[in-house]
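Take 1 as the starting number for the sequence shown in my numbering and just add one per residue.
Derived from the structure by calculation, the hints contain no laboratory data. Fair warning: there could be bad hints in the mix.
Pairwise CB distance ranges (calculated) [stated by the list, open to error]: (1) D295 x H184: 14 to 20 Å; (2) G297 x R145: 25 to 31 Å; (3) A62 x L227: 18 to 24 Å; (4) P208 x Y117: 21 to 27 Å; (5) L123 x T182: 32 to 38 Å.
Heads up, the beta-carbon is just placed ideally off N, CA and C, and yes, glycines get one too.
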Amino acid sequence: LEHWINDGLMAIFFLLVGLEIKREACEGALASLRQAALPVIAAIGGFVVPAAIYIALNRDSAEALRGWAIPSATDISFAIGVCALLGRAVPRSLKTFLLALAIIDDLMAIIVIAIFYTDELSLLSLALAGLGIAGLAILNLLDARKPALYLLFGLFTWVCVLKSGVHATLAGVAVGFAMPLTRHEGGESLLARTEHALKPWVSYGIIPLFAFANAGVPLAGASLASLTAPVPLGIIAGLFIGKQAGVFGAAAAALKLGVAEWPADASMLQLYGVAVLTGIGFTMSLFIGTLAFDDDGMLTQIRVGVLAASILAGAVAALVLGLAARR
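Using the sequences and the accompanying hints, generate a full structural model.
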């Protein structure tokens, strides 16, 4: 069951991520260089600094170093959810910034998964997967509007990627990129219709199922020492300290140098609060952890670290953003 959730249902999660990345890149917050500069630079800082902190704290263990990417990922659903709970305390411009940053963060995580968490490759399966992706590209060029065609080629590509050694969820991204954005007779594009149809299923079905299958932490024998072991400490320090330092530092530098636009109606304290919020790394961090390790003891340490850091980041971000709003 866990295998089907992680390799099957999570492919649908990544399909939604692919749709969001394409939409934002074509007509959203990433559509122009000037618009994209701030979230892109901030996302790079927020990806590199947490990884560096984790590596520094686990440099003596080759096995533990396999998890270097765990604290680099932001959970888009939970981060946006906290923003929604805070309402007007977070300016609309910063919500857009956070969404764009999290989407770029997901794209970098996808690249990391493809390069660093791939088993031995089957060239035949990869070639067949290439044919499936070529079919998806042709459907896009022909502006095909029947979802069943994309589903057919997507399933074929998913099976081939699953057998190739590359993680099967990446097939979902390929299908998302292939969906056309063309609007016909004033209606929604196929991409927009698919995104709207999938979002509730992913938010209320797939993510909770993934959490149920992967986030359980046995509390028997738990102690403070379980948080201070190198792996959970690296994750907590990376997500809570590294994320805010990387995102806020990179964003502040970009604004100071004039290479990015200041978010409208936002203060520096509010920007910092959103940077803290990026330390919520639940879904993607746990997912990378399941790819990096298969030892139950190590997975428990990862879950403890991710959950502790995510709760801490969410609580502190809410306090900072609430204070900024009152000011």
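Can you list which hints this structure breaks, lowest number first? Result: hints 1 and 2 break, sorted rising.
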